[in-house]
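Student: Taken in order, these protein sequences are the chains called L and Y.
Counting with my numbering, you get residues 1 to 592 for the letters of the first sequence.
Counting with my numbering, you get residues 1 to 592 for the letters of the second sequence.
Take the hints with a grain of salt, since some may be wrong.
Copies of the same chain look alike in the list, so a pair counts if it fits in one copy or across any two.
[To be verified] No more than 16 Å apart at the CA atoms, straight line, and that leaves these computed lysine to aspartate or glutamate pairs for EDC-like:
1. Lys575 / Asp484
2. Lys25 / Glu97
3. Lys329 / Asp588
4. Lys506 / Asp238
5. Lys25 / Asp35
These aren't lab readings, by the way, just hints derived from the structure by calculation.
There are 2 protein chains.
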Amino acid sequence: MPSYTAPTRDIQFVLHDVLDIAAAKISGHADLDRDFTAAILEEAGKVASEVLAPLNAVGDTMGCRLENGVVHTPTGFDRAFAAMRDGGWNGLDIPEEFGGQGLPYVLGTAVGEIFVSANMAFNMYQGLTHGAVSAILAHGTEEQKATYVPKMTSLEWTGTMNLTEPHAGTDLGMLRTKAEPRNDGSYAITGQKIFISAGDHDLAENIIHLVLARAPGGGEGTRGISLFIVPKFLVNTDGSLGARNAVSVGKIEEKMGIHGNATCVMDYDGATGFLTGELHKGMRAMFTMMNEARLGVGLQGYAQAEAAYQNAVIYARDRLQGRDVTGPKNPDGPADPIIVHPDIRRSLMDQKSFVEGARAFTLWGAHLIDRSHRADDAAAEGLVSLLTPVIKGFLTDKGFDATIAAQQVYGGHGYIEEWGMSQFARDARIAMIYEGANGIQALDLVGRKLAQDGGKHVLAFFEMVKTFLKEHDGDAALKADFLDPLKAASKDLQAAAMYFMQKGMKNPNNALAGSTDFLHMFGHVCLGLMWARMAIAAQKALDADTTDPEFLKTKLATGRYYMARQLPATALHLKRIQSGADTVMALDAAAF
Amino acid sequence: MPSYTAPTRDIQFVLHDVLDIAAAKISGHADLDRDFTAAILEEAGKVASEVLAPLNAVGDTMGCRLENGVVHTPTGFDRAFAAMRDGGWNGLDIPEEFGGQGLPYVLGTAVGEIFVSANMAFNMYQGLTHGAVSAILAHGTEEQKATYVPKMTSLEWTGTMNLTEPHAGTDLGMLRTKAEPRNDGSYAITGQKIFISAGDHDLAENIIHLVLARAPGGGEGTRGISLFIVPKFLVNTDGSLGARNAVSVGKIEEKMGIHGNATCVMDYDGATGFLTGELHKGMRAMFTMMNEARLGVGLQGYAQAEAAYQNAVIYARDRLQGRDVTGPKNPDGPADPIIVHPDIRRSLMDQKSFVEGARAFTLWGAHLIDRSHRADDAAAEGLVSLLTPVIKGFLTDKGFDATIAAQQVYGGHGYIEEWGMSQFARDARIAMIYEGANGIQALDLVGRKLAQDGGKHVLAFFEMVKTFLKEHDGDAALKADFLDPLKAASKDLQAAAMYFMQKGMKNPNNALAGSTDFLHMFGHVCLGLMWARMAIAAQKALDADTTDPEFLKTKLATGRYYMARQLPATALHLKRIQSGADTVMALDAAAF
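Full structure from sequences and hints, please.
Tutor: Written out as structure tokens, the structure reads:
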């Protein structure tokens, strides 16, 4: 069975050496010194290794079952959920007035990585609750906040997001679930929602569903949609649970992975719902949640890759097969460990350099969200809005690839479920799909975010990279290995953006046919930037005569690998983009 | 549930317009006119669509079960196997004297694609039998051939290959299964084999296991290994079945996919075995089988991609979501079919251009095997030996990627098992691993095949591409779209080979660290060559005023896509290769 150890040293490096979060001019950040965050991360790591990771395979094997309308989670999930509740983990970054600890989102994200690596399916019960809390805090009335948020912060209750219907996935304007106003100000919600993660379960006494539905008078398409709170059990004015609401589970889907999480068909049959946010502006309410939700899914991509990578390393050190071509490394044994072989190394370096770059990218994104939400930094808000589809799309595509690479290290054993490597891949696969399939992320990036506010944010990004390169221009030690490759990659990205501007005007397909390539290219430039920043931080720490030089030297070597072997992919993506839409759109639909 | 329609028109195009198999100077090939092969392919397509494809999901869901030492296959497999037996499909390319039809291997391969696309797990029972027949025909005594081959050709009996042991996968030199000589000339085989596909089942009355084991006097490592025939039931001199042999199933593995095929732990407990081939030369005997076996696995990669692609196209034409950005294509409907969206097109073109290129590559490989085996063409033998790891590694890596892309077209529905797209990906995954994991293919290519016979075969390959380009130098219509990109890609491949020669001498890791990149690069050049050949064939047929111009124009358009969007990957692979081994090998094993 796979094991998991939280990479706290690595997370600490990003939080402090790279992002220097304690120095950020955001209220409360000055307290975030190394010892403080270390204590939290260590404790989260303990819960992850001892409680969550051992249940990961259990959840995969048992799955959830629906009996007499009630969803039962896998054995042991209830105990683990109680541990999450008792530890107060869900409230880490929720305001203190609602029972949370008010710590920054970046720290909640770091802790989230640890939990997701240990058990992705399990962590979704909490993750969706956190998302629902954010929605209610952003759009709910004071009464709604007081009624729902404290119980959800403490995980006595959980939350869900209900968007998709059988005929309306990406195209939410087609949704049909109805909301009929009643005299008491509530609405009767009727319709079917599908793919509802954590839709029902036995882990909490109540579930607060957030449901998109169509109230009268809003017109067709997305404009007519509003957001409603639909509790599984209605809540009395004294906070106690009242009547069972008319919402039920139609079935649990049989999925490729995340078996431990109940993905439900939810039937609303005149269920009582309460409008939250403005009438007919439910889509806008959902959109304000999107940066966090999509960052959370990008995190799932690299968190699964991290867990898979850790086990691939253990196996590669342990499995004896063949000899090092430059001379035996284990001469007294029957063969050398396979970690001696260059192609195994290549694969492990691919995985390692991706995961560490992705972690820095994600925590940087979370830090930008803190700047935006807690320090009213509009530039940070614009930048993270631009980067969100990249974090979601690139990290889940590449994260899945990394789980496949890790599985491959095991040879035949990787294909056998008992060894657990298949589960990492099967679980990671969903992150490319939900919360907006990655093609939609690419469309969002190229069709919307690039031109947002007159292209201001992408120009600011290029300017930031330029300034960064200029600032470190004199750093001869890092120039060839880090700064020059970043410069070249950034130039490729600019050339692609320029191509879209010039050719996309004439025919938007010239931009959209290159959207996924652009997203990947952007992802590489961001990871290249992260690696350059990590290299500078590592070098600085090394020069300061640190106590842990091996860690820092490894960081530099891993970064060099990424810059030499991964970052050059930007040139290929540019070439594809510049080939335009003609070959992509050449065929009639009937000719496929 | 997914459907499947055999792409007979496409296969015919490769067999006749591209490879012109009827004109090959190989005995029997003159009879292979279009009508003849069409009749066979159509019939195979019928069996595939009507009998095999409907059982694909059944096999996945039910799996195999072991009860009282007997393996039971999924419901309906027995009926389907009877259909394969009655149709004489396994004997298509087996010599007539052993009950086969003696048709070329290339035709057997084309039919194989159809069966594998329809039901990969099911087809393995037959595929492994075919491999075992090849081994016995190549190495067995006349008596062994007469005893086993006719019954295996007719599928009354099936066959298996037993190589791997728990501690000996790639490194077969470590295997421990013992073969102790008995006075009657037979051997007592004792040991445990794992990952034995089709190891036991209820589809045939006997199973002929081919087992690698260590007989006394051969020394250590691979030199001491011999190949044995170990029947499940011993065969009496009159051909009837005798005593049950001492071989049993330890367990069936729970796998990520191919659930319909029983992957068994096989326990040999003094089982009676018969030496086949020379004593202590079992590895060499296995190697002669390898080209065919590996080509068959490469075929699985693109055959699963074909099946997944077909269904992705159906879904993309059917699913209404969003609007064409250049104007509605289905103005009377609530939305346009998603096939209008450029990023969906890009994905479908990726899949289509890969599958069709891969088909041509594989059938070309099979044709080279015919030239080698049936016309004693040593150059063809050398070439296919060089290309075999490329066919196996590249087509299974890219084939798996294509199944993931096809699954992605379905959005959330792709992740739900009911829709069947997950199974294509889970089944295709194994092809990257078995019959030599793809890293081993890359090692075989770079460490062995490149330098084989003084590098003669790779030089011949480059010469062939050069001659081809020269021959069509005047073809202005195809120059920019096909010939120039092929020339550039081939130049990249030569530069990589040159780099290996120069830097690999000093340090072999400089070559091995680039082995997977080289394999992929080689694969792209081969598919580029195939597309150039297909373009020329299509243009020629178009010029000849054919009755099916749409098919041929689609072929040209699909080829242009591959050349513009996929082939340029060679430059990235070259760049990675030329970055050398330093960044790959920088870390101590403990630093990962």
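Student: Which hints, by number, does the structure contradict?
Tutor: 2, 4, 5
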